[in-house]
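We have chain E already, so just place chain W on it with the hints.
There are 2 protein chains.
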Amino acid sequence: MSKALVECVPNYSEGRRKDVIEAIVAPFKDRPGVYLFDYRADEDHNRLVVSLVGNPDALQDALIDSAKIAQSHIDMNSHQGAHPRIGAVDVIPFTPISGITMEECVQLARSFGERYHQETKIPVYYYEDAALIPERKKLEVIRKGQYEVLKEEVRTNPDRKPDVGPSELHPTAGATVIGARKFLVAFNVNLGTTDVEVAKKIASYVRASSGGFCHVKGIGLALEERGMVQVSMNLVDYEKNSLYRVLETIRMEAKRYGVSVVETEIYGMVPAGAILESAAYYLQVAGFDPDQVIEMRLLKMMGEQG
Amino acid sequence: MSKALVECVPNYSEGRRKDVIEAIVAPFKDRPGVYLFDYRADEDHNRLVVSLVGNPDALQDALIDSAKIAQSHIDMNSHQGAHPRIGAVDVIPFTPISGITMEECVQLARSFGERYHQETKIPVYYYEDAALIPERKKLEVIRKGQYEVLKEEVRTNPDRKPDVGPSELHPTAGATVIGARKFLVAFNVNLGTTDVEVAKKIASYVRASSGGFCHVKGIGLALEERGMVQVSMNLVDYEKNSLYRVLETIRMEAKRYGVSVVETEIYGMVPAGAILESAAYYLQVAGFDPDQVIEMRLLKMMGEQG
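These protein sequence lines map, in sequence, to chains E and W. The first sequence runs 1 to 306 under UniProt numbering. The second sequence runs 1 to 306 under UniProt numbering.
Only chain E is shown next, with the shape it has when bound in the complex:
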């Protein structure tokens, strides 16, 4: 078995029927090499988001099993929900965690896409880093008009032809978007002022869209009940734009307004590498190797054992 670890967060168009949700998730339980971190169904979105980490081979097998179950229970012709979607299994993104490069993760997404279509007959679009057509890097381009529009346009508009499969959606399961993307770290910096303009200005200094760091998305918000403001960010490439670098830049900019960093928040999961790199920076550790961390070494050895 491969020593690689990938994250995969498949999204399914079912957020209401508890029995169907449990059936879709079942193939991820008690399966060697597959770790089910979390699954959350949203009734308004009528959508299920599953958070998995595991070995690529084991994950792929489980994803196929789960997709077949979703396919047998979900009919897109009667599906309603607030979240944009084009299929019963709407998106399957793979994210490299360790022992695998982004290039390998792209190959994984593409070969999985071929197998997925063979076994389910559901057409596949590739997105993000796995996109074959540059415009399809963006999910919203592929999902434009959602299931209802796509099922018509796919027949006549060559721009909407699936990357794998015929120019026709699956009659009940629609289509699935499969891709590879980097891990996204949700990082918020709370500032000791009630002036939201400070957070908005600083967000504009650090985010890519205003000319800041290339892999930072961010906005400034008021945290009214707490009497603070927040620079709320997604670090879309934590290796290129480290947590410490973004934080210290914000601290430096905030000084201009006589404002301090009160605290920060890491929302949700974070890869160890993102934290260890910042620790090594602040502790000034020369030649720090993540393998020096007992738990990291152990995880690697467990992977090697099987």
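By construction, these hints were calculated from the structure, which means they are not laboratory data. The reader is advised that the hints may include incorrect statements.
Intra- or inter-copy, both count: the list cannot distinguish identical chains.
Unchecked claim - No farther apart than 25 angstroms at their CA atoms in a straight line, the calculated lysine-lysine pairs in the BS3-like style are these: (1) K121 <-> K201; (2) K255 <-> K200; (3) K161 <-> K29; (4) K3 <-> K182; (5) K217 <-> K182; (6) K3 <-> K161; (7) K18 <-> K137.
Note that the structure is a prediction, hence the values are computed from the model and not measured.
The following block gives chain W in isolation, referenced to the frame of chain E:
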């Protein structure tokens, strides 16, 4: 199987015969729940140091198997080496890593000591946190005069009676010292000066023996070839005396002499908790939970799967 992880670093009185060394280490290989990080034999010391991490139950079984092999090959009456020792299996320290408290680790050491004596007939002394007699917290008290002196004194001097077993050493394997202790982090801080007195003074400010932090041992050294000096430390309780607190105290003291911290070194292994705590301090993360780190969560789930 228990979800706890402990480190164990058994020391054997054999550092020269390659076949014997390999035989002693063999029970730690390909054994579920036991992870052999490293083993190093020193010919001058005539001693083997094995670095293990694992599940307490699996580790104990492997340690018994290994001790029996060591016992069958090593005769303390003909053993010579530069390192102090009293037995073929000289020391077996257990260190809590995760999912186990120090109190539980002490119980582990003591129940292992009983079983060890039953299966090998080798008398046992308990040391460090597992000591039953306060003086025996210190290994050097138990090992005083080494094998040659102890084997005589044990018969007549009640102060030297083993904690488990009769007032007589094993005729060839001597005795074994078993204990529980906290993880020791080797942390060095290099300063940008050639004046070794600065490092010596700062070492005296931070170490317990001169009234500094209660769980820091340290000395000041010259790194002559590098044109720097070093505060070389062992953090014997990284939870009470964190890396960041010790580093920032040294930085603050060094300023008085106009000296900067050039870099630090973490020598050998370090538990994730020690690094994550410092990262959370510097990144000012509110409510940071190690379970947010994908790899830490994964390791826990792998432990739960067995």
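Hints versus structure:
no.: 1; hint: K121 <-> K201; verdict: neither (49 angstroms within a copy, 74 angstroms between copies)
no.: 2; hint: K255 <-> K200; verdict: within (15 angstroms within a copy, 37 angstroms between copies)
no.: 3; hint: K161 <-> K29; verdict: neither (35 angstroms within a copy, 54 angstroms between copies)
no.: 4; hint: K3 <-> K182; verdict: within (19 angstroms within a copy, 31 angstroms between copies)
no.: 5; hint: K217 <-> K182; verdict: within (14 angstroms within a copy, 42 angstroms between copies)
no.: 6; hint: K3 <-> K161; verdict: neither (35 angstroms within a copy, 50 angstroms between copies)
no.: 7; hint: K18 <-> K137; verdict: neither (33 angstroms within a copy, 57 angstroms between copies)
Taken one by one, the earlier hints fail for this structure at numbers 1, 3, 6, 7, listed in ascending order.
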